[in-house]
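2 protein chains.
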Amino acid sequence: MPAKNIDLTIIGGGIAGISAAIYSHRAGLNPIIFEKNVLGGQLLYIDTVDNYPAVYPHTPGIKFVDVLNSTLQEFKVNFINESVEKVELSDNGIVIYSENDTYLSQALIIATGAKPKRLGIEGEDLLIGKGVSFCAICDGFFFKDKDVAVVGGGNSAVEEALYLSHICKKVYLIHRRDKLRALDYLQKELFSKNNVELVWNTTVEKIYGEGRVEGVVLKNLVEDKKINFSVSAVFIAIGIEPVTEIFKSIVDTDRDGYIITDEWMHTSRKLIYACGDCRRRPLRQLITAASEGAIAGLSAYKDLRGNYISQ
Amino acid sequence: MPAKNIDLTIIGGGIAGISAAIYSHRAGLNPIIFEKNVLGGQLLYIDTVDNYPAVYPHTPGIKFVDVLNSTLQEFKVNFINESVEKVELSDNGIVIYSENDTYLSQALIIATGAKPKRLGIEGEDLLIGKGVSFCAICDGFFFKDKDVAVVGGGNSAVEEALYLSHICKKVYLIHRRDKLRALDYLQKELFSKNNVELVWNTTVEKIYGEGRVEGVVLKNLVEDKKINFSVSAVFIAIGIEPVTEIFKSIVDTDRDGYIITDEWMHTSRKLIYACGDCRRRPLRQLITAASEGAIAGLSAYKDLRGNYISQ
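Going down the list, the protein sequences come from chains A and B. Using my numbering, the first residue of the first sequence is number 273, and each one after it goes up by one. Using my numbering, the first residue of the second sequence is number 273, and each one after it goes up by one.
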């Protein structure tokens, strides 16, 4: 029997979830926000933010987290530092099973975000934390003056390579195609670096090492030949995948697992909303996640209270 | 013959247009932003902003404008302080006629925002600036310790009434229905004010006065009778309407004049985008306008340069 009745549950404490909490709380709801780690989501791994309108460029990611935390505290939003294990629908509402408790909620906003995709190759899982990393800002310093590899060809991969170029001796950027997908200005900056070598048309077949990464076996797709590079770390930046596993039986997702919503952030299920990186969306940016959280929060308010919102 | 070739024109210097400029510029385009007034748009009339995620609550609207200006300056975005009079399509691109010059642009982002709706009654136009106002923050102080009226029932009307309740002797809130559409917390605060009187089921028939507002003639819709109130000012807050007149022959709009776009901010016309308050959208907030500007800016980049953007 659920012990605690609440009007709105938000799962995920990144900028989307926090924005949803701010907006729904200000509108008069009493949301609870669940986050198993500290608040901040992917912001915790961002060095500086340059492109969030109305915040000065070059603001550290951690400063964003600080402002978001302060805002939640000022508005006295309930934050529960537990993971949600399971969500079930019942006649009385949505049942939320957290690590330590059970809640009955009238509405639910899913803001669980995304996590880095893995290559799915030999050595990858075994050597995570031992040279295999998904975050140059987190782990780059451990490989000061060493040779490292970055895998990928989008904005993230180029940003990781640029970041590492200031720390490491040599950075190999391994990409399976013959051109990058990153924004022009990032590419320009990358090509200006002397210690970055682009390895085109190449995939990673295997990461090897005894207890720590010692090298990678690569495959050149054009010449169909294998190459062996000695590196101390492999930074994987081939994109992200949504954290939506426990919701797939409840709401519609696309083939990649992203939750499908309308522009009001309604999912296929009444009173359940999704926003941020767990949602299928045109552009994955902090500013779009914040906007979607605001819309989801006010949608929940509107649907629960029946009030029309003029603006 | 157009003299100046540019890749992207942005019309409107509110947060949507500025966000579009930041994003498109960082992606490698060289946008020009047109604004006939100073930059800032409706932010110039906002007292404090409480609900923009990652900015501390209670930040003055003018501080937002300052950060946005600094960002444009840091990125050296071209700003032209002129109004755009006309936009035409040609075989070579989009022709932009500003006050003083003509430009040929490959792409266009419309971010012209919205302006307050008028009642369309006797005395209104004549007494604008003489007691008829659309902005309590701008003009409220001129009516310190006087009796004033606010017209409307949504968030804006209630916010105007609350703001004026701290300055004026008495505030009449005149609303044509028998309940407000504003958010709960705003209504609660309003009902707690001793010097605010709600005038339900009532419309304004006429605003009168010799050279300045002296009173209003009201009509009670339920009892079908007329009432005369002496007031020194009438603040009209019945919503906004999009500033889209010069674009209606070029892109599709809805019946209220809002420009219709998809979620990438594409209008019905190739290489023309719309974002912010001039666009049909679910929620009119600073944070949604900033997000839409970012999407429009990167859409233009993507369509002009053919680059895929991963995030």
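No wet-lab data here; the hints were simulated from the structure. Do not rely on the hints blindly, as some may be mistaken.
Since the list gives no way to pick out one identical chain from another, each pair is judged satisfied if it fits inside one copy or across any two copies.
[Said to hold, decoys possible] Calculated cross-link-like contacts (lysine-lysine; reagent style DSS-like; alpha-carbon spacing at most 25 Å):
id: 1; residue 1: Lys574; residue 2: Lys460
id: 2; residue 1: Lys520; residue 2: Lys416
id: 3; residue 1: Lys335; residue 2: Lys308
id: 4; residue 1: Lys497; residue 2: Lys542
id: 5; residue 1: Lys451; residue 2: Lys574
id: 6; residue 1: Lys460; residue 2: Lys442
All values reported here derive from a predicted model rather than from experimental measurement.
Each hint tested on the structure:
1. In this assembly of identical chains, the alpha carbons of Lys574 and Lys460 lie at most 25 Å apart only when taken from different copies (17 Å versus 46 Å within one copy).
2. For the identical chains of this complex, Lys520 and Lys416 are neighbours neither inside a copy (42 Å) nor across copies (58 Å), given an alpha-carbon limit of 25 Å.
3. In the homo-oligomer, the alpha carbons of Lys335 and Lys308 lie at most 25 Å apart inside one protomer (20 Å), although the nearest pairing across protomers, at 35 Å, exceeds that limit.
4. Taking CA atoms no more than 25 Å apart as the test, Lys497 paired with Lys542 passes in neither setting, with 53 Å inside one copy and 44 Å between copies.
5. For the homomeric pair Lys451 and Lys574, the shortest alpha-carbon distance between copies (16 Å) is at most 25 Å, but the shortest distance inside one copy (46 Å) is not.
6. For the homomeric pair Lys460 and Lys442, the shortest alpha-carbon distance inside one copy (18 Å) is at most 25 Å, but the shortest distance between copies (62 Å) is not.
Hint violations for this structure: numbers 2, 4, all remaining hints satisfied.
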